[in-house]
Amino acid sequence: MKTRLIIASMLLMAAAANAQNNDPTIMTVNGQPVPRSEFEYSYNKNNSEGVIDKKSVDEYVDLFVNYKLKVQAAKDARLDTLTSFKDEFAMYRDQQIKPSFVTDEGMLREAQKVYNDTKESIGPRGLIMPAHILMHVEQQAPAEEMQKAKVRIDSIYTALKNGADFADLAKRLSQDPGSAVNGGALPWIGPGQTVKEFEDQAYALQKGEMSQPFQSPYGYHIILMKDRKQLEPFDSLKNDIFAFLERRGGREHVADQAIKEMAQEQGISTAQLLEKRAAEMSAKDMDLKYLIQEYHDGLLLYEISNQTVWDKAAKDELGLANYFQKNKKKYGWDEPRYKGIAYHVKDKADVKAVKKSVKGLPFSQWADQLRKTFNNDSIIRIRVEKGIFKKGDNAVIDKMVFKKDTTVTSLQDYPIDAVFGKLLKKGPEEYQDVRALVVADYQEELEKAWVEDLRKRYSVVVNKEVLQTVNKH
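Its first residue numbered 5, the sequence shown is counted upward by one per residue in this note's numbering.
None of these hints come from the bench; they were simulated from the model. Don't take each hint at face value.
[What the hints assert, rightly or not] Computed list of lysine-lysine pairs in BS3-like fashion (alpha-carbon distance at most 27 Å, straight line): (1) K102 - K293; (2) K356 - K408; (3) K79 - K316.
Keep in mind that this is a model prediction, so the values were computed, not measured.
Turn these sequences into a full structure, and let the hints steer you where they fit.
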């Protein structure tokens, strides 16, 4: 007995050593080993054909380490315990897992069910292929309009009885544009697919027979029965039904049914079943394992980055202002800008009124002030272009501010052009003038400081020898 235990222990140790040799640890991040296969998956995916900024393995190490550190920070912040995170991750994971529950037998059962339901709804009356000519008239139309439509349909019916071609008259006279182009022909239809008045008249006809004019909620019709049939056997329609299921999300429905039934058989929830299946499939398929992990870690990375860098920078008005003041020179312009408005008015008195209404207000409030003062009802008194303009951006500003010899085409109904604002010769006067640039730069600074802090907080050990074997084993 003791000998057997020793042999079993040796076999387990050998298996573990073999697994380690096949997929050695390439680095340890905060005490957590990262296998070479995970690094290779990430590196190869982000440096595939078509990627412009390809990295060498050594160059990619820092990016990968930063990624792992940020994910660790998100876990330490317990973002992975949030219900919103769990639900979103499960949704992405299950998109990869659900197709595994779809079998040929399941699809066949669903196709047979669609066929049986269709056959039952059609019943013994079968399918018909009618053609019709329509004189459209609303149900509540005046009696005179109704009479005109009745006279026209009766004259068409007389012409048909005298040998006129149905398809020709339908193309020229029918007021159902969808079928008129096809000589009045409609597709195969079954019971309940059209209004009762039309259905009763159509099903009373045999192949080749024509109805007398009759009225439905759409107007006056004449029907020619092109063909009739019973639903074909399942085998002859099977491929068409499969194609229909593919278009209409039939595979997802089959998967959902299979998951529900399997979960009930095993006495677990559907969520538990999906999690179990994900673990089983990931153990057999490394690419799937790391794809699911990529969903998991990517969601964490997005949330922690948003909280720590992106959203924080965008909302930190004081921080943005301070950053701008410290780095004002980097936002200097190579040519002057005009910060203000070009506006167009009907009444000369409004030229001064516009200037008076915004004078002394922060630039960010001008648009709202002008709208409330001059365009607050159905009458539009002024037209305005607001912004920070360089030469060539606006013809009115080019002519009136930059003194360029240019042609200004006045707006119709607003013949008087004017400008108001200030000329900024060296650069922006406040961060709001170049907000998008400042936000991007401030985010970059916060990102850099965050990564430096993470590098100090968490230990990282890279195995250089294993690194040299990436994609070479």
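Do the alpha carbons of K356 and K408 lie within 27 Å of each other, as the hint requires? 24 Å, holds
Against the 27 Å threshold, does the CA-CA distance of K79 and K316 hold or violate the hint? The hint holds at about 19 Å.
Are the Cα positions of K102 and K293 separated by 27 Å at most? Cα-Cα ~15 Å, so holds.
Consistency with the previously given hints is maintained throughout, with no hint failing.
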